[in-house]
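2 protein chains.
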Amino acid sequence: MPNIKMTIEYDGTNYCGWQTQKNAVSVCDVIVDAIKEVTGETVKLIGCSRTDSGVHAYGQVANFVTKSVIPPEKFTPSLNAVLPDDIAILESKEASPKFHSQYSARSKIYKYVVNNSKVRSPLLKDRAYFVPWGLKITKMKVAAEFFVGEHDFRALCSAASTAKSHVRTIYDVAVNKKGNIIEIDVHGDGFLYNMVRIIAGTLVDVGKGRIAVEDIKGIIENGDRKKAGITAPPQGLYLMEIKY
Amino acid sequence: MPNIKMTIEYDGTNYCGWQTQKNAVSVCDVIVDAIKEVTGETVKLIGCSRTDSGVHAYGQVANFVTKSVIPPEKFTPSLNAVLPDDIAILESKEASPKFHSQYSARSKIYKYVVNNSKVRSPLLKDRAYFVPWGLKITKMKVAAEFFVGEHDFRALCSAASTAKSHVRTIYDVAVNKKGNIIEIDVHGDGFLYNMVRIIAGTLVDVGKGRIAVEDIKGIIENGDRKKAGITAPPQGLYLMEIKY
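If you read the protein sequences in the order shown, they are chains R and F. Residues 1105 to 1348 (the numbering used here) are what the first sequence spells out, left to right. Residues 1105 to 1348 (the numbering used here) are what the second sequence spells out, left to right.
Don't read these hints as lab results, they were simulated from the structure. Here the structure is a predicted model, which is why all the values come from computation and not from measurement. Treat the hints with caution; some may be incorrect.
Note: identical chains are not told apart, hence a pair may lie in one copy or across any two.
As the list claims (entries may be wrong) - DSS-like mimics (lysine-lysine), calculated; alpha carbons at most 25 Å apart, straight line:
#, residue 1, residue 2
1, K1222, K1347
2, K1215, K1282
3, K1197, K1222
4, K1281, K1202
5, K1331, K1229
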């Protein structure tokens, strides 16, 4: 039976996140329903990243095994025809039987978007974190470098994290400002629960002057979540790409 | 009594457009209501551009005369506190008593956004015109040049136009592609009803090969609306800036 790999874009605003939850509609549920509508099967859909409610994706990856004889690439138009406007399959193809969207992933790229205007932006509603205070971008760029490398990131993940190991490797954190928009691009081998949002919140706190650049190293080493910055809100976060 | 000039951003998706209409909610109505909530006055709000339903604005300009003693720049935070999330005042300041947002305007800049991906984009829902066919961008760039200059644009406006003169001057039409996104930036001294959307629709038809580049000159000169391209949908259009 073919193992189908799909790349998925979604606007996370109206969902409880990727993963199924009681009494809430998840992105995964909606796609499973669409696959059932097209094939008649209820498949087990494995998503790579459990994005939170309000988090968006340009490149979520999920896979499922199917008895269907639909050619793998035809799942794209078939599913898009029945999916709602805020979810789309960008690509579908057959992967090796061993492919697992989560375990086979080598690294992930996320983007965090900050709207640093003085006034909230209607066209960025649900799409960015609105920070009207002045932010020192140069300090944010310097602070970003301290996250790069292999570290125990327990200070930068939710207290709700159930990960066995908190060691992750971050390959790059880039902070760029274009007009009033600050983009924080993070590439790593994996991320703990809320980790990108806490890195973004910590960098915003550095920009505001609430956290000193020279304290970042100690915050990571110390391992105390309370010393890091806030968890920046979900609507600024975009899952951009998963590398295999 | 001070004449207040405001710059306004909005997501036009949920409105019947800028202008008041029976049995529908307009952007203008909502701002007039917000001004009444703040000042107690029902003002006459004059908008520069009568954007259609679904059209967005980063830089609409409107003015009103008020008896209120609120400092002009304080209308920005006061109105934003009561306006819905999809409308925001970016700036408010006192203008000369003669300033009229429409009659004083010297030129306007619009952007038209085409999503030229193979698959619809959830994150560009209501924000772009989805064109999944191949478009020859080089031909679109060449065709764009023919619109520049002073022309009678009756071939490129809605049959519903009630303009006395159809002569307008276009200073620039730029077509640029970044990834799958094509942006058409148009700067002119004024625009007829639906004119930017018909220019965009005509350029997309050139990209598709339905209209030949060498026919554009004749289409403008001929004055027959039917020879030009379709009226591209409103959700791709953004009012960017009005120059005074």
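- Task: Enumerate the violated hints, using their earlier numbering and listing them in ascending order.
- Result: Violated: hints 4 and 5.
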